[in-house]
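Asker: Going down the list, the protein sequences come from chains A and B.
Residues in the first sequence are numbered consecutively from 666, following this note's numbering.
Residues in the second sequence are numbered consecutively from 22, following this note's numbering.
These are computed hints drawn from the structure, not numbers from a lab.
Some clues are possibly wrong.
What the hints assert, rightly or not - Taking lysine-lysine and the DSSO-like style, the derived pairs with C-alpha atoms no more than 30 Å apart in a straight line are:
id, chain 1, residue 1, chain 2, residue 2
1, B, Lys294, A, Lys688
2, B, Lys59, A, Lys746
3, B, Lys274, A, Lys699
4, B, Lys522, A, Lys692
5, A, Lys699, B, Lys522
6, B, Lys133, B, Lys294
7, A, Lys688, B, Lys522
8, B, Lys133, B, Lys59
9, A, Lys699, B, Lys447
10, B, Lys282, A, Lys692
11, B, Lys282, B, Lys133
12, B, Lys420, A, Lys754
13, A, Lys754, B, Lys274
14, A, Lys746, A, Lys723
15, A, Lys692, B, Lys31
16, A, Lys688, B, Lys282
17, A, Lys688, B, Lys59
18, B, Lys31, B, Lys282
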Amino acid sequence: MWRRLSKRFYCKIATKATEKAPKLDFKQLTHPTKVPQTPVDTAFPDTNSASHIEIDTKTIQLLERLSLVDLDSERALATLKSSIQFADKIAHIDTDHVRPLYTVLEQQQLQLRNDQVTEGDCRRQVLRNARVTDEDYYVSPPGNIPLEQ
Amino acid sequence: MRRHLQWSIKQLTANYAEGQCSPRRVTEQALEDALKLKTLNAFIRLTPEQALQQAQESEGRYQNKKPFGSLDGVTIAVKDNFCTQDVHTTCASRMLQDFVPPYDATVCSRLKQSGAVLLGKTNMDQFAMGAGTVDSLYGPTKNIWSEDLDQDHWRIAGGSSGGSASAVAAGLCYAAIGSDTGGSTRNPASYCGVVGLKPTYGLVSRHGLIPLVNSMDVPGIFARSVSDCLEVLNAVAGPDRLDSTTIRQPYTKLHLPEVDKIDLSSVRIGIPKEYHCQGLSSEVLETWSKVADLLECAGASVRQVSLPNTAASIFVYSILNQCEVASNMARYDGIEYGHRASDERSTEQLYALSRAEGFNEVVKTRILTGNFLLLRRNYDHYFEKALRVRRLIAEDFAKVFQSSPSDDRVDILLTPTTLTEAPLYKDFASLTNRDQCAVQDFCTQPANMAGIPAVSIPIRLSRTGLPLSLQLMSNSLNEQLLLSVASWIEAQVGFDSLEHKQECRSKA
């Protein structure tokens, strides 16, 4: 029953679909094209060879401490270096008198709410995602011990 | 046979209302099809119980002639970085593998309020860091347009919202939710031959979207037509008191004019010349030129414009992304939620090991690089500098959209979305994550810099039978015109999102 009815409806739509425009010839243009037909060159400094980046052991340890992630392989270090070279590409752009753009909504009045508690009473739900709990508390190992490096 | 797959959302809900087909049946078939097409790996998790429950309730509402809204009974999938109450939300990472949010993202709660049936959570690059959906804990997602879905001859779906794009392209759902930080909705939409919309920043709430780059993240929408995309936008857009970065002015639902009533004679189209960059394929170029010509033939004014800071955008994007990632990822320590390692020597040790085990290499390197760029001695040179160049990029757009005299203005920018058709997995996987993103996001991430709306629409098939798409961008909150022009183009090119060989109806 369902199938028969849906078929009927499908036909109605199928007829509509055949009214579609004839197949377009993508090689044929009516107007002189406004789309550039060759790549527009961009001049960015070659930062790959220009500066060989050295990152000292102290900096690496600092980064590991801040990130709480190990920079554990040669490959990871190479990726870090090449990412820095990638970031260096914009160093030459003139940004004097240009203010940083922190948010694209800088022209808008954003909503501030009153500093009042509007929800809560969901301790069980919140705690259920913690692997280790004790009664109503999260549990962590001893603090104030620096990371072994 | 799945005739109803050909319907638009409007046709589907009209048929529900007339009792011609039922939300429950459509949902059951969608779940069956999703299992049959498991090889695509579009879903991380299906939620059949909840979906069937929602479908049952929807059916009851139609029987009582009281449907909730324009999405009642419509099957929709959600990317796995949107929180869903009592349903795992993993970001495709080991870190959040067991995370079950106690609340719904605003996008999800609004979909539910409109009666949508949520089928499950879709695959993505870990924490949305990627352009291919190849870096997922659950394995890569395949593109349904691939010549061959087996062995190593399959195409990537694009990313990071590849699962959502793949699910819509396969006809597993009518629409899907993704997220878009640098092109993560438009890129997979382009490769998978579906419509992908990145709304204006702040138009759709980010509450419950696990943050990647707060200043650029927006929820994105996938559908097989522009009008379906709009139905979903109408359901989810508008201010949200749970996200202070939503635009406060009330959202008025958009309506598309009939295609033959769209008057292009007053529409000014800009072709930003810098978007023809190295690596653009000749077929994409041909497609771009042809659609510009079609618009001109229909009376639109089409002219070349310049956005001189375009090429800098990908570098700025990379810097800001890594800096915000370094800050955002600091929340994952294994104590309150997320993966907890078994190292009880000290708190710091536990944090470090949990993060070492919970994050993949891409995430870790972005955190380390971000923290390097944010070091006190580097902060001005990289982070602040990038924010200043970001303003230049945003001003490029402002100039072409708002310049005076108004004769110099354009309303819409037409560009490629991706530079090529979907690459083969084996070719794509041989590049580093950064090169994958730097190439594939070239045309998409500038819109995120400026917060403007952009949509990718499929135009035609390449010689190898893969979708080729174009992108339209417009000024902030100009979704009405953006989608009207998109639907006009859609009608001219007549692309059928379900035309691929691997359709579920022909699959055993």
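Asker: Now tell me if each hint is right for this structure.
Answerer: Each hint tested on the structure:
1. Lys294/B to Lys688/A: holds, 28 Å
2. Lys59/B to Lys746/A: violated, 39 Å
3. Lys274/B to Lys699/A: Answer violated: Lys274/B to Lys699/A is near 34 Å, above 30 Å.
4. Lys522/B to Lys692/A: holds, 26 Å
5. Lys699/A to Lys522/B: Distance ~35 Å between Lys699/A and Lys522/B Cα, so the pair is violated.
6. Lys133/B to Lys294/B: violated, 43 Å
7. Lys688/A to Lys522/B: holds, 20 Å
8. Lys133/B to Lys59/B: With a Cα-Cα distance of about 25 Å, the restraint between Lys133/B and Lys59/B holds, given a limit of 30 Å.
9. Lys699/A to Lys447/B: violated, 36 Å
10. Lys282/B to Lys692/A: holds, 28 Å
11. Lys282/B to Lys133/B: violated, 33 Å
12. Lys420/B to Lys754/A: holds, 24 Å
13. Lys754/A to Lys274/B: Answer violated: Lys754/A to Lys274/B is near 43 Å, above 30 Å.
14. Lys746/A to Lys723/A: holds, 15 Å
15. Lys692/A to Lys31/B: Outside the cut-off at roughly 35 Å; violated.
16. Lys688/A to Lys282/B: Between Lys688/A and Lys282/B the Cα gap is close to 22 Å, so the pair holds against 30 Å.
17. Lys688/A to Lys59/B: violated, 34 Å
18. Lys31/B to Lys282/B: Between Lys31/B and Lys282/B the Cα gap is close to 19 Å, so the pair holds against 30 Å.
Of the hints listed earlier, those the structure fails to meet are numbers 2, 3, 5, 6, 9, 11, 13, 15 and 17, in rising order.
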